[in-house]
Amino acid sequence: MGPAVHTTVDRTIVAPSPPVKGRRSRGDSWPYVFILPMVVCLGLVFAYPLITVIRNSFYSTSMGETTFSGLENYRSLFQDPVFMTSLFNSLKLLAVVPVVTVVAMTIALMLYEGTKGWRAYRLMVFVPYIIPATAIGISFSYLLQQNGILNITLRGLSLDFLALDWIGNSNIVLFSIGGVLVWTQLGFGVVVFTASLLSLPRELSEAAAIDGATRWQTNRLVVLPQVRGTVEFFLVLQAIQVIAWTFPYVYVLTHGGPGNASSVMDLYVWRYAFQYSSPGLSSAAAVVLLLISGVLIAIYTRLRAKQGER
Amino acid sequence: MQVNHIWRSKRRLAFASAAAVFVLILGACSGSSDQGSQASGDPYTGSLTYWFWGESDVPGSTAWMQAAVSRYEGLHPGIHIELVPQATQTLQGAFQTAAQAKTGPDIAMQWATLPVLTPVWRGQVAPLTGLIPESELSQWLNTQENTYQDKVWAMPLYLLGVPFVWNKELFEKAGLDSTHGPQTWDEFLADCAKLKAAGITPITVGDKEGAFGSWFQSVVGTQTLDSIEELQAVYAGKADFSDPKYSGYLTRLAELKDKGYLSSDVASVEATQAWQNFAQGKGAMTWATDGNVAAWVKQGLGSKFGVGKTPLVGTGKLAQYYDATQSISAFITSWSAEKAQAAAFLTWLHTPENLTSWYTTTGAFPADKRFDPSVVKDPVMAQLYKLDTLPNQLWAENYAPPQVDDQGLRTVAQALLAGSTSASDATSQIAGIIKAWQTQQPDDFKTYAKWAEG
Amino acid sequence: MIRRIKIGSVVKHAFLVLVCVASLYPIWFILQTSLKTNAAYELSPLGLPIHSTASNYLQVIRSMAVPRWAWNSLIVTLISATLSTAIALPAGYAFVFGRFRGRSTLFNSNVAFMVIPPVVLLAPIFTVMVNVHLINRLPSVIIFYVGLFLPFSVFFITNFMRTIPVELLEAARMDGLSPFGTLRLIVAPLTSPALFTLMLVNIIYGWNELLIALVFLQDDKSRTLMAGLSVFQGRYVTQQPLVMAGSFLSIVPILLLYAFGQRFFVKGLTAGIGK
Numbered sequence: 000m001g002p003a004v005h006t007t008v009d010r011t012i013v014a015p016s017p018p019v020k021g022r023r024s025r026g027d028s029w030p031y032v033f034i035l036p037m038v039v040c041l042g043l044v045f046a047y048p049l050i051t052v053i054r055n056s057f058y059s060t061s062m063g064e065t066t067f068s069g070l071e072n073y074r075s076l077f078q079d080p081v082f083m084t085s086l087f088n089s090l091k092l093l094a095v096v097p098v099v100t101v102v103a104m105t106i107a108l109m110l111y112e113g114t115k116g117w118r119a120y121r122l123m124v125f126v127p128y129i130i131p132a133t134a135i136g137i138s139f140s141y142l143l144q145q146n147g148i149l150n151i152t153l154r155g156l157s158l159d160f161l162a163l164d165w166i167g168n169s170n171i172v173l174f175s176i177g178g179v180l181v182w183t184q185l186g187f188g189v190v191v192f193t194a195s196l197l198s199l200p201r202e203l204s205e206a207a208a209i210d211g212a213t214r215w216q217t218n219r220l221v222v223l224p225q226v227r228g229t230v231e232f233f234l235v236l237q238a239i240q241v242i243a244w245t246f247p248y249v250y251v252l253t254h255g256g257p258g259n260a261s262s263v264m265d266l267y268v269w270r271y272a273f274q275y276s277s278p279g280l281s282s283a284a285a286v287v288l289l290l291i292s293g294v295l296i297a298i299y300t301r302l303r304a305k306q307g308e309r
Numbered sequence: 000m001q002v003n004h005i006w007r008s009k010r011r012l013a014f015a016s017a018a019a020v021f022v023l024i025l026g027a028c029s030g031s032s033d034q035g036s037q038a039s040g041d042p043y044t045g046s047l048t049y050w051f052w053g054e055s056d057v058p059g060s061t062a063w064m065q066a067a068v069s070r071y072e073g074l075h076p077g078i079h080i081e082l083v084p085q086a087t088q089t090l091q092g093a094f095q096t097a098a099q100a101k102t103g104p105d106i107a108m109q110w111a112t113l114p115v116l117t118p119v120w121r122g123q124v125a126p127l128t129g130l131i132p133e134s135e136l137s138q139w140l141n142t143q144e145n146t147y148q149d150k151v152w153a154m155p156l157y158l159l160g161v162p163f164v165w166n167k168e169l170f171e172k173a174g175l176d177s178t179h180g181p182q183t184w185d186e187f188l189a190d191c192a193k194l195k196a197a198g199i200t201p202i203t204v205g206d207k208e209g210a211f212g213s214w215f216q217s218v219v220g221t222q223t224l225d226s227i228e229e230l231q232a233v234y235a236g237k238a239d240f241s242d243p244k245y246s247g248y249l250t251r252l253a254e255l256k257d258k259g260y261l262s263s264d265v266a267s268v269e270a271t272q273a274w275q276n277f278a279q280g281k282g283a284m285t286w287a288t289d290g291n292v293a294a295w296v297k298q299g300l301g302s303k304f305g306v307g308k309t310p311l312v313g314t315g316k317l318a319q320y321y322d323a324t325q326s327i328s329a330f331i332t333s334w335s336a337e338k339a340q341a342a343a344f345l346t347w348l349h350t351p352e353n354l355t356s357w358y359t360t361t362g363a364f365p366a367d368k369r370f371d372p373s374v375v376k377d378p379v380m381a382q383l384y385k386l387d388t389l390p391n392q393l394w395a396e397n398y399a400p401p402q403v404d405d406q407g408l409r410t411v412a413q414a415l416l417a418g419s420t421s422a423s424d425a426t427s428q429i430a431g432i433i434k435a436w437q438t439q440q441p442d443d444f445k446t447y448a449k450w451a452e453g
Numbered sequence: 000m001i002r003r004i005k006i007g008s009v010v011k012h013a014f015l016v017l018v019c020v021a022s023l024y025p026i027w028f029i030l031q032t033s034l035k036t037n038a039a040y041e042l043s044p045l046g047l048p049i050h051s052t053a054s055n056y057l058q059v060i061r062s063m064a065v066p067r068w069a070w071n072s073l074i075v076t077l078i079s080a081t082l083s084t085a086i087a088l089p090a091g092y093a094f095v096f097g098r099f100r101g102r103s104t105l106f107n108s109n110v111a112f113m114v115i116p117p118v119v120l121l122a123p124i125f126t127v128m129v130n131v132h133l134i135n136r137l138p139s140v141i142i143f144y145v146g147l148f149l150p151f152s153v154f155f156i157t158n159f160m161r162t163i164p165v166e167l168l169e170a171a172r173m174d175g176l177s178p179f180g181t182l183r184l185i186v187a188p189l190t191s192p193a194l195f196t197l198m199l200v201n202i203i204y205g206w207n208e209l210l211i212a213l214v215f216l217q218d219d220k221s222r223t224l225m226a227g228l229s230v231f232q233g234r235y236v237t238q239q240p241l242v243m244a245g246s247f248l249s250i251v252p253i254l255l256l257y258a259f260g261q262r263f264f265v266k267g268l269t270a271g272i273g274k
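Chains as they are written, first to last, in numbering that gives the first Met the number 0: chain A, 0 to 309; chain B, 0 to 453; chain C, 0 to 274.
In case anyone wonders, no lab produced these hints; they're calculated from the structure.
For each residue, glycine too, the CB sits at the ideal point set by N, CA and C.
Please note that a few of the clues may not be correct.
[Stated by the list, open to error] Restraint ranges, calculated between C-beta atoms of paired labels, are given here:
no., chain 1, residue 1, chain 2, residue 2, range
1, B, E228, A, F77, 32 to 40 Å
2, A, A94, C, R262, 31 to 39 Å
3, A, I151, B, K150, 52 to 60 Å
[What the hints assert, rightly or not] Some chain C residues close to chain A (C-beta under 10 Å, calculated; not the full set):
no., residue
4, L15
5, A85
6, P116
7, L224
8, I253
9, Q261
[Said to hold, decoys possible] Below, in silico cross-link-like pairs of lysine to aspartate or glutamate (EDC-like), each with a Cα-Cα straight-line distance of 16 Å or less:
no., chain 1, residue 1, chain 2, residue 2
10, C, K220, B, E81
11, B, K281, B, E171
12, B, K101, C, D218
13, B, K281, C, D218
14, B, K237, B, D257
Next comes chain A alone, as it looks inside the complex (with noise of 0.2 Å):
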């Protein structure tokens, strides 16, 4: 699941409007009570996390003792092997949003013509986005072995060269997370483009039509252009999904293996930290994916803004 899920996509906010006029006297205390266990969740959760992450970072434990040490981790880090592999990784899979994107939309064109029973298609398009990744991984774990399901299909069919070893061979699996990474996006993508392509006006498609546009034409040049905004936070969100929440998939699916080839940031973030006693390269790792998910953010707030002015 992850971020996407949790961004409805919203034209009208920028910013909480101002308030209803003539409400109360100012000096109200009441906002405060209401969003006291808020501020507290979010404190404990968030705030605090945040800050001590960043200071670990600048901090290594020997000997029992800590010590400031400056940006030591962050050498270490960029020296690890296992570290740049996983920021490429996590890198590469964003070629994953481009192919979502333009799946869904696709199929998203498809079913806003009217075609029958795309209520249908639209609900079943979208269960692997709901489905937990956990059970998806255990299975695709499966299918996608040497000689699991997949190969077997693939060889039924005369098709050999394609039963390659999907989630075995180094240069292939972070491909395979990448497809099941689509597999399970797909679905979101769908539902977003189609709610955004029918909210549009038809005028303007009926009148291109009469002007003698083929259906192609029609969409290129007057439907796409009217949904690029949703379009643009879409792939703001799928980067975040795609940099930051694989680590079910990679967990169930490789363990981060073969060998170290298809570990991602996340999954690196919580090996250094809970399984090989690291915590400086840990919490340097997060701030790395911080920083990452801090300009999709920046990006994000400034499609949103822009948005607002549209």
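With the hints as your guide, set chains B and C onto chain A.
Just chains B and C now, kept in the frame of chain A:
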């Protein structure tokens, strides 16, 4: 206003019930953890958590231990033991996480020597010497694998050899002499070639969990050395892993892979699965454990297989050693509040009835002098027992610091088998990981160097 | 009227059907495999089960661990979702209808928090939980989840509450209702569709979550279902039908929720798109 009243009381009721449920849950959760602190001096009253591992070595061991726990609870109704089977891939990691939280198991298991000593050095283990009488400890086999500063820190459960196993029928099919396995590396390669030509998978192994790369170092890699101290010197920083004396085995592993002698799914299939395939005749040779061979014997397949030593690869003194170890060891965690209870249970596991029951159920050999080898009737198992009790045995993996083993010996070899790393790259990577361990865990490194000398 | 079946339409439907099959097949595969015995699976991994058997399910249910894990998941999920929604409700109300210092900052931080990867927060919270002895106890995970669900919950409720006409609240104020009263009697009932959707989304997030549960709950007694499944797979790796049965059981509640609430899902995810 009446509506408000009802709404208000409904709301209150909802909140109250939610709160009540929450408190109930909290109470339920805390119940189990609190029992620990009520531990009395009585070693037969209390509640233990035992993190168990063994199924991969000895199929059926988990069920046996579960039954043993039930029997023990029957004998001592005041004791409750929760058995939590562990997975190979997460055995070390899960314990590390628990050790950081200082909560979880009272009895934990780790592989012998370094995987036990590392927690010992970090103060996470309570010594068995002192909790269990010397008269008991002296009956256990291979306790030297877990001795440090004159104390025994962990208990062996079974004695495990890692025999080289071949499928006699498949050998005959390929025109090979099935009465013995290949004796030298060249013979081994020749046999592989003949098997491959006959359409048979020469070697069936599963490396998804990564263990095989490390095994290969133990069975093949150490044959170029004269003593285990030479290997310890590498980890202690006194010798370089890049020296072919230490890393030559990676070239041989790559050779097997490149010639196509390993099963095609080696990188995507787990060890247990691969052994299952081997038992079903899908491959001609493998390295297995006593426990797995015992399981095959029980299935009536004993006559199909031959067992023996790994082909001779090197000329070091260690080439004459057999690969056997207690494999996994049980210890009591330093934070356990039930140490006496745990010690009593561990001691009980070595009573004669349990030793016999263990052997009869699983076929693996208990690590105890009081085990009577005359009950080993099956010829294959008798052969294995003889091998296991040869005077010189060693399992080199035991001497690798866990981080080096996990990130280096296992993971890098896995990459090699998956085709993304050459032998020379693998060598430099492992050398780098050894250095990284020395830097990242300086305390462990210092203690290791001292221990290796003494 | 002549009905013309266009080739394009046929191709389109064929493609859509293919996509649906690809979407659902792996799940079907889980179900199909879980109904076979080990031997039947060996013989025919791909085919339909000849003699469907429920033995795997019985074994899974009888094993002490899996039902326990499912129960833990249920408790953790329900409590976290409820608490999170309950905290987000008044907060959303305050954001939309109240004025207070730091409102923009808090709201923007909240939006940013929605996309922070939980793994980054894991180690510090773990240390806290260790120090208060909550590791291996469900409240540790519940607290973390409540915090995790909160940003989206607040965002979502805030979104929705903007659609509530101000006049209603004016009228309530005229009637002398306190803000709390207004929230309770007027705004909350109006928000209930959004609350329902939110509960669904949070329940699914909680049920599916793996990483945090894996780290905080290591005991079989306290493990949740997803973490337990990954362990289950390790224990029974050679018995694929058995593992599949466990996997399918973990999917069933989600499928049921989806069957009942899919309208809400779609609405919830797409709320605010367009006008």
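So, going through the hints one by one against the coordinates:
1. B:E228 with A:F77: 32 to 40 Å: 36 Å, holds
2. A:A94 with C:R262: 31 to 39 Å: Hint holds: Cβ distance 34 Å, inside 31 to 39 Å.
3. A:I151 with B:K150: 52 to 60 Å: 54 Å, holds
4. L15: 5 Å, holds
5. A85: Holds - the Cβ of A85 of chain C comes within 10 Å of chain A, reaching about 8 Å at its closest.
6. P116: 3 Å, holds
7. L224: 8 Å, holds
8. I253: 6 Å, holds
9. Q261: Because about 6 Å separates Q261 of chain C from the closest Cβ in chain A, which is inside the 10 Å limit, the hint holds.
10. C:K220 with B:E81: It holds: about 9 Å lies between the C-alpha atoms, which stays within 16 Å.
11. B:K281 with B:E171: 15 Å, holds
12. B:K101 with C:D218: 13 Å, holds
13. B:K281 with C:D218: 38 Å, violated
14. B:K237 with B:D257: 32 Å, violated
Hints 13, 14, counting from the list given before, are not met by this structure.
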